[in-house]
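Visitor: Chain by chain, the residues run as shown.
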Amino acid sequence: MSTLRKKARITSVVAGIGIVAVLAAGCSRGGGGGDSSDGPADASPGITDTSITLGITTPLSGATAGPGTCTVAGITAYFGAKNAEGGIEFGDGKTREVKINALDDAYDPQKALANFQQLEGEAFLMTSGLGTPTNRAYREAAIADEVPQVLIQTGDPIFSNTEESPWQLGFVPIYQNEGAAFGELLASSTEDHKVAILSQNDDYGEGYVEGFKEAIEGADNIEIVDELTYEATDTDVNAQLTELAATDADVFFNAMSITPLVISSLLKTQELGWLPSWFLPSNTSSPGAILTPGNAVAFPGIYTVAFAQSASAPTFAESEEGAAFLSNLAEYADYPDVPAFPHCVWSYQIGATLEQVFAKMTEPTRDDFMEQLRTIKGFTAPLMLEGASIDTTEDGQPAISGVTVQKYNGKGYATAETFG
Amino acid sequence: MAQAAGLKNNKWVRLAGILIVVVLLAVAPLILPEFANQTVARIGVFAVAVLGLNVVMGYTGQVSLGQIFFVGVGAYVTAYGVNNDWNIVLVFLLAILIPGIAGLFVALAAARLGGLAIAMVTIALPIVGVPLAKRLSEFTGGSQGTSARFSDAPEWTGLFDDQWQLYIVIVIGAATFLLTRNLVRGKYGRAFGIVKSNEAVASSMGISPYRYKVLAFTIASLIGGVAGFLYMVVVQYTSPETMSFGHSITLLASMVIGGAGSIIGSLLGGAYYVLAPQLTNLIDPNLTAALQGAILLLILFVLPGGLVSLPRLWRRKRRGARPGDPAQTGTVPTSPPPAPQNTQSEERGT
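In order, the protein sequence lines correspond to chains A and B. For the first sequence, my numbering gives the first residue as 819, with consecutive numbering after it. For the second sequence, my numbering gives the first residue as 92, with consecutive numbering after it.
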């Protein structure tokens, strides 16, 4: 008898919980996704009449924390200074304060997606984040939820293809742009050149070689004498270098992304007595970290490409823009040192580019933002090299596609107008 | 206390408890906000991965540092199958079977070795896995990774994507947990336990330590494959980064923090894996690694048995405050694996 009564009681409790739960379920999600703030009725999330919030997911811990921290510091410094001046004036006549909400993804795609999901309700747009897999991890979710994922720091071309990625736009040049810039310079040379190519066997290496080959197509003075690849996991490329040295090419196009491997290649080539002119990608051409230990002065020329000034250059702090950048970085981003990674300057420029778009926005919506984003042309962001500019109007290209070829002069880089 | 213990062992109370959990799981996805659903779904994914690790480490006592490799293989198989329009049930089965077969082969070799040598062999898995995934770009999409959107909610359900995905995770995850619970509480679980505590004794009882180590390892990789499939349900993208070695260590830490050799501990471990980065991000995104280290140390100092031992600690403390309590001599499990003791007390209760 008592068991029966207990059973009945338990059943009623369970039923009660169930009913309450179903009722609650009926009430929730009633408003759908319409999470509009107290601004105009159609305002997107993350923007009010007085402020706008930008979301960033980027590696702030782990192996890529160095550049990752820079991707937040630069843009924080830029908007920190602008906020201190009173805010950013938008195209709708309102002045808004720019808030930045940055989260750490430790270069883990799964965490990047989690961060995006956390931020998408409070941030107007996602920007500046570093990394191909991490940005790819939430690309489709951003498209599905119509959240802008713009001016991100990856050389992956997929983000600059409007058909595949309608809510995305890359900031930094894609790999093809870099290879092509060097190819064009070489093709314009008055002499004949024999080129040996070594590239990393993945999308990175392939991108550089593709761009380079397209640029020298039809140039009679250029001959590719040998082309080899290596794996990103290889610990040395001595075999490839020995084979390439035998061709006696006078130009060595080396699309290599691994710092210690570049240094050992520089040294090994000298040991072999092969002294060509080099091309190196922008991320593995640092004078202090790579060329000096590799004794690069032994070669007739080391070329790379760049679009932004290097903060470690001796003249940088003396220029007006450079000094402002460094003081903003220290004051607003808690980054007192001279940054060793270019990403600080890049994310500072991302801030300046966003300001241009904000000035054109007449409605506080993500749709209007994307429309205006694709109209920036010929804008020279702070700390850009001469000749480089922001152009977001060209489909298939990131915001910066024009890069300048630079030649190593024993201390730093100077713009190279001609080859040789 | 004695009354409470009696209440706990009552069949109807337990049945009601299970019912409440089932109802909650069924209704929660409808009530919770989107981000909570997404977070719970991710917890489910990694709870399953930790559960697999628990079978081989917590229950059988063999150090495995390669669990993330099997999760990654499961995810890649899922992505490849979905992108080639294979039947989703077939994809699911392959996503379990292929990591399982890989695990079996590794185990056949590794289980011959004793102690730390197994750990060394399993370290190799994620270290080989990342470059392998980059090189086999026809199948894996190379270093750019591959995405597969197959878990969006179908029209007829009227559900949001996050709700639908959470339901998939709950159904598959709950089935995996239930099957594993039955496994470790039955004959095999006892065999695992003996292999863990003393291989010589196991041999003398007619239990082949080699065979049971291989079995545990294979089951762990099968469960890893399930977690890989669920990973694709929730994240819809995988890349070589997914199976990076660091994640294997985090999984291991999550297992210890949740509670080694415990089913509930696996769930708590999954929660730690997902929530620790999210919480530390809220405190200070620049200090996530340091804060996670601090949390790990703190939990292990206060609760060496993992989060699952929290109620036990609390109970012991209460009893300590009231010496002479008759319940002190009760059947409270104090050391893992608690499974056999629990079953006994449950049987006595009915």
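Hints were generated in silico from the structure; no laboratory data involved. Be aware that one or more of the hints could be misleading.
Dumping the calculated SDA-like pairs for lysine to any residue here, alpha-carbon to alpha-carbon at most 20 Å [as the list claims (entries may be wrong)]:
#: 1; chain 1: A; residue 1: K1012; chain 2: A; residue 2: G1119
#: 2; chain 1: A; residue 1: K900; chain 2: A; residue 2: T1198
#: 3; chain 1: A; residue 1: K917; chain 2: B; residue 2: D375
#: 4; chain 1: A; residue 1: K917; chain 2: B; residue 2: N377
#: 5; chain 1: A; residue 1: K912; chain 2: A; residue 2: A1170
#: 6; chain 1: A; residue 1: K1086; chain 2: A; residue 2: E1138
Which bits of chain A does chain B cover? Going by a derived footprint, with three or more residues having C-beta under 8 Å, they are [what the hints assert, rightly or not]:
#: 7; segment: 935-945
#: 8; segment: 963-971
#: 9; segment: 1009-1022
#: 10; segment: 1215-1229
Every residue, glycine too, gets a C-beta built ideally from N, C-alpha and C.
Visitor: If a hint holds in the structure, say so; if it does not, say that too.
Guide: Against the structure, the hints come out as follows:
no. : hint              : in the structure
1   : A:K1012 x A:G1119 : holds, 15 Å
2   : A:K900 x A:T1198  : holds, 18 Å
3   : A:K917 x B:D375   : holds, 16 Å
4   : A:K917 x B:N377   : holds, 17 Å
5   : A:K912 x A:A1170  : holds, 18 Å
6   : A:K1086 x A:E1138 : violated, 41 Å
7   : 935-945           : holds (count 3)
8   : 963-971           : violated (count 0)
9   : 1009-1022         : holds (count 4)
10  : 1215-1229         : violated (count 0)
Going through the hint list in order, the structure does not satisfy hints 6, 8 and 10.
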